[in-house]
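Sequences listed follow chains G and P, in order.
Sequential numbering of the first sequence, starting at 1310, is according to the working numbering.
Sequential numbering of the second sequence, starting at 1310, is according to the working numbering.
In short, the hints are calculated from the structure, not lab data.
Misleading hints may appear alongside valid ones.
One copy or two, either will do: identical chains are not told apart, so a pair holds if it fits within one copy or between any two.
Unchecked claim - No more than 30 Å apart at the CA atoms, straight line, and that leaves these computed lysine-lysine pairs for DSBU-like: (1) 1590 x 1657; (2) 1519 x 1415; (3) 1590 x 1650; (4) 1388 x 1590; (5) 1590 x 1519; (6) 1388 x 1415; (7) 1650 x 1437; (8) 1650 x 1415.
If you want the building blocks of each chain, they are given just below.
2 protein chains.
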Amino acid sequence: MTLQEALSRIHPLDSALMRRARARLDSLTKPRGSLGRLEAVAAQVVAIHGGPRALERKVIFTLAADHGVTGEGVSAYPKVVTREMVENFCRGGAAINVLARQVGAKVVIVDIGVDGDLPALPGLVSRKVTHGTRNFADGPAMTREQAEQAIAIGIGLVDEESHDGLDLVGTGEMGIGNTTAASALTVVLTGHPAPTVTGRGTGIDDTTWKRKVAVIEQALAVNHPDARDPLDVLAKVGGFEIAGLVGVIVGAATHRITILVDGFISGAAALIAVALNPAVKDFLLASHCSAEPGHRAILSHLGLAPLLDLELRLGEGTGAALAMPLVEAALAVYREMATFKEAGVSEKTP
Amino acid sequence: MTLQEALSRIHPLDSALMRRARARLDSLTKPRGSLGRLEAVAAQVVAIHGGPRALERKVIFTLAADHGVTGEGVSAYPKVVTREMVENFCRGGAAINVLARQVGAKVVIVDIGVDGDLPALPGLVSRKVTHGTRNFADGPAMTREQAEQAIAIGIGLVDEESHDGLDLVGTGEMGIGNTTAASALTVVLTGHPAPTVTGRGTGIDDTTWKRKVAVIEQALAVNHPDARDPLDVLAKVGGFEIAGLVGVIVGAATHRITILVDGFISGAAALIAVALNPAVKDFLLASHCSAEPGHRAILSHLGLAPLLDLELRLGEGTGAALAMPLVEAALAVYREMATFKEAGVSEKTP
């Protein structure tokens, strides 16, 4: 499926389904709306899936890639950590492994552009476009064709997993340097200035932060990304894992599956996906609000309210994993609670 | 165990244990602090329990009682709903039943002061002090002896459940009119004025809200609760379920068990418990921040940051149930993640 075919299959949610879902929620034995955001989640997911089916098969797609911009000294960790963490993912020792096990989700670990050759690791899906992006401080991170290839890979990943049934998709990533790319994308697509949306990533000091901001400003000056052309922006200052996640999001929306968007990097992918087709937004839940300042700008731009706000800044899909029980709880309420009528409970005094 | 005996057994957490827990968290394969609040939860719970044991037995105590102040017309639902909802709890059809099942928690449903006689219902624990409080707009809600009796009941409930092992306690309640009591307690113990901490409860209109505020102000003028004497405040403008939850909190702290405090009403019980012994605070996690404005005042007064902020305003223990997976996730991270050394991942660039 090409990107254009996929985009043409995504349509906004049926408002009649949404109204029926809300009416059911209002009939349950609780004051109307007293489960707050959980009720909104239930109505949205019921409308996406066409009913309150249990979320039996949950998959988090954790895409890894490297970033040429690390050559500018913008990160607290050496680039080799991307590869080392992919190995850690495949051995099950990283935070995403632990948190996905807790919620019974599968983690699909994908090399979509890690620098250097990874050994054949158990569970590793090899879809390498190339050995990381070029340094976007000097020119485009990738070609437009590479961006489209990475998106198609993401769409394909969801297609493959959907063969066994797929009820909930989480996004995740790993890539030393990728908060620099996500910040650059956020500047272009939200219009906020670089210092406002650029954070400390894995924990950089003041000097490195100033350099990071300067590198982003230079990248935008050198590459002139066109804000009206999301693929142009993605290719010029994005990353392969980000492009892959655009594909995961678009692919899940074509299958009408709810998407739990993780943190800042995943949020940047969501920005691109929604720019490609605004109807994508109906399929998104924001799992959390990251400690990275650019993430709040993204959520505000997309009009998404995060489910969690725990000052996470790890990525990998950890926020998506942590939010999964909330989505399951919302659906359980919808399916299992008694109505006022069934329980013989008195309704509100008129 | 009397209240005074219980209070004398509660001591602050061991700071050496806390430091060791933080050192372990810093050794794991993630940037330091990148799991944000989850790391603080892990360190606290490890320090409370003396180690990162799994939370195998989780119990939510949902205490129900009636409030004489409903005679003033302060609630959107008739008083009989307290009893009807207890029956709903015992049949498993309420939100707390659904959400507790989702997380594998037991719900202990307790009649500690419901008006009228409840039939013998499966799973109902009968510990009725009396048939609801007196209308505190005219005089004290209960006697000091009744308040002490209700607290002792709460302590006893935790004692009983701890015989089978108890790893996590959640608080919950049901009682038409109890946001009026919780608001009154909050005014006295936080010093905020009644209009600031009084909310819409189950969904009252403007006229009823103004009456509710006036009733609270009248109750405080009539009863003169002494802010330096938490039992006096509790007896004069509290409720039996609130007093019982003070006992649940105090009891769990004596057993060194982590307590997930639910919403506004449970928060008012936590205010009293911490006023009785400030060391209680070390055992508390705030599960969420309620849509009731008084709850934010309580959390701020106690210095607790909520794990969730989902505009919930249902009570029953629903917020505590929803937050349980986050506590379990925090402990799983602590136990199961690989360290930098184990995983051979490079550390931060010096």
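Right, here's what the structure says about each hint:
| no. | hint | result |
| --- | --- | --- |
| 1 | 1590 x 1657 | neither (35 Å within a copy, 36 Å between copies) |
| 2 | 1519 x 1415 | neither (38 Å within a copy, 52 Å between copies) |
| 3 | 1590 x 1650 | neither (35 Å within a copy, 41 Å between copies) |
| 4 | 1388 x 1590 | neither (33 Å within a copy, 43 Å between copies) |
| 5 | 1590 x 1519 | neither (33 Å within a copy, 40 Å between copies) |
| 6 | 1388 x 1415 | within (26 Å within a copy, 47 Å between copies) |
| 7 | 1650 x 1437 | between (57 Å within a copy, 28 Å between copies) |
| 8 | 1650 x 1415 | between (39 Å within a copy, 26 Å between copies) |
In terms of the numbered hints stated before, the structure departs from hints 1, 2, 3, 4 and 5, listed from lowest to highest.
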